[in-house]
Amino acid sequence: MITTDILIIGAGPTGLFTVFEAGLLKLKCHLIDALPQPGGQCSEIYPKKPIYDIPAYPEILAGDLTTNLMEQIKQFEPGFTLGERADTIEKQEDGTFVVTTNKGTKHKAPVVAIAGGLGSFEPRKPKLENITKFEDNGVEYIIKEPELYRDKNVVIAGGGDSALDWSIFLSDVAKSVTLVHRRNEFRGALDSVEKVQELKDAGKINLITPAEIKGILGEDKVTGVLIEKKGEEPFELATDHFIPLFGLSPKLGPIANWGLEIEKNAIKVNNALDYQTNIPGIYAIGDVNTYPGKLKLILCGFHEATLMCQSAFQRIFPDKKYVMKYTTVGGVEGFDGTKKEAPKAVVKAIE
Amino acid sequence: MQDVNIKVTDRNGVEHEIVAPTDMAMNLMEVIRSYELAEEGTIGICGGMAMCASCQCYVKSDHELPEMTDDEDAMLAEAFNVEDNSRLGCQIQITPELEGLEVELAPED
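Protein chains in written order, with the numbering used here: chain U, -9 to 341; chain V, 29 to 137.
Bear in mind the hints are in silico, worked out from the structure with no lab data behind them. Among the hints, erroneous ones may be present.
[As the list claims (entries may be wrong)] Have a look at the derived ranges for each label pair, beta carbon to beta carbon:
| hint | chain 1 | residue 1 | chain 2 | residue 2 | range |
| --- | --- | --- | --- | --- | --- |
| 1 | U | Thr318 | V | Glu136 | 15 to 25 Å |
| 2 | V | Asp38 | U | Thr328 | 50 to 60 Å |
| 3 | V | Glu136 | U | Ala332 | 44 to 54 Å |
[What the hints assert, rightly or not] Where chain U lies over chain V, by a calculated footprint (3+ residues, C-beta under 8 Å):
| hint | segment |
| --- | --- |
| 4 | 44 to 53 |
| 5 | 77 to 85 |
| 6 | 103 to 111 |
[As the list claims (entries may be wrong)] Short, incomplete list of chain V residues facing chain U, as computed with Cβ under 8 Å:
| hint | residue |
| --- | --- |
| 7 | Ile73 |
| 8 | Cys74 |
| 9 | Asp137 |
Built from N, CA and C at the ideal position, the CB exists for glycine as well.
Just need the whole structure built from these sequences, with the hints factored in.
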């Protein structure tokens, strides 16, 4: 069981900045995110795109914003459970919460801050009627263990970087790799496109374009797929695995069933005070919440995180006296023993 | 200022006649959101970067539309339910030329 003061669900910019504000109050944080890396949408959807409305940054790339936030919070030593989705929450008798992920990792904290953005990123599944039946029986949306494909026949569908990169990688591992894409053109790093071209010419990747997978064949396990080349009759291709790689899209997911008040796919909070939800001790901050006048902006998430931490502190230490201190005055004392502070003025008399 | 009239068929098949401003630098996805013709969180997920296909729509009138960028083209190559008349709403700026445009929202992913 992982224990912490504030359990943050979502490691996007709002969740990351929460660690800083909590750290100033000497509260420890642990973050859960379904993605394998921190940064949320900033690293998953648009790391190379600029943002122009982060105060004091006339322009910053979304990826750099994540890097900077990680640097800003490192002395508060946040814990991370990455690549796992927060699935269930249980309130304990002592008022704390236990949050369990889809992989069974348990986290315990007196305060839960949902900074889940648009939800957890889930693979986009092609619309094939029997596809769910074959999940983990030959259909995988994410490649976790490449060894699974050793000496197997593999069909990959998709036209982006991950489809290209995995086709290249698996061409060395699998018995055969077939890449199916709706277009003749591929969107991906130039290197990857050229490499796939090379492997195709060398007969190591079987490229079928423009084409789509129209069906999955098999009883309990995948034994083949039905491929339709544009303007031609569909044909069957025997395969052991079918890997559709069509990117990820965010879904609110299990959080929707936690008993929180939901409106317009977002969690209703008290914006007059502390961004608490209808369940005391559970807060929602950033893009995942809603209140009158809500704007889904990173800078608004930072503000919400800051106020939420003050409320969390009072909840955890109801009897402790505290007033907010400027970091310029109080400095930043890390849990790792480091201390940042403003240099003292030099005082010297004139003779 | 000039407004244009646009017909939007929502995901439940209901047709809406809406008025869109041409002077607010808005795109079709944003106009549809401002009228709440699709549930928040199901349209414009990436915010208008042509990096998701949640604002995909089918263009039913024969208006001349801005040409597709490589980004939009590539996104539509990976989206589901794509037809020949598919476009991403976020890539269609509202201009006076769009008077009478008719579109239908593609199903949610």
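Results of checking the hints against the structure:
1. U/Thr318 with V/Glu136: 15 to 25 Å: violated, 48 Å
2. V/Asp38 with U/Thr328: 50 to 60 Å: holds, 55 Å
3. V/Glu136 with U/Ala332: 44 to 54 Å: holds, 52 Å
4. 44 to 53: violated (count 0)
5. 77 to 85: holds (count 4)
6. 103 to 111: Holds, because 5 residues of the segment 103 to 111 of chain V bring their Cβ atoms closer than 8 Å to Cβ atoms of chain U.
7. Ile73: Where the cut-off is 8 Å and the nearest Cβ of chain U is about 6 Å from V/Ile73, the hint holds.
8. Cys74: holds, 6 Å
9. Asp137: Cβ of V/Asp137 sits 6 Å from chain U, so the hint holds.
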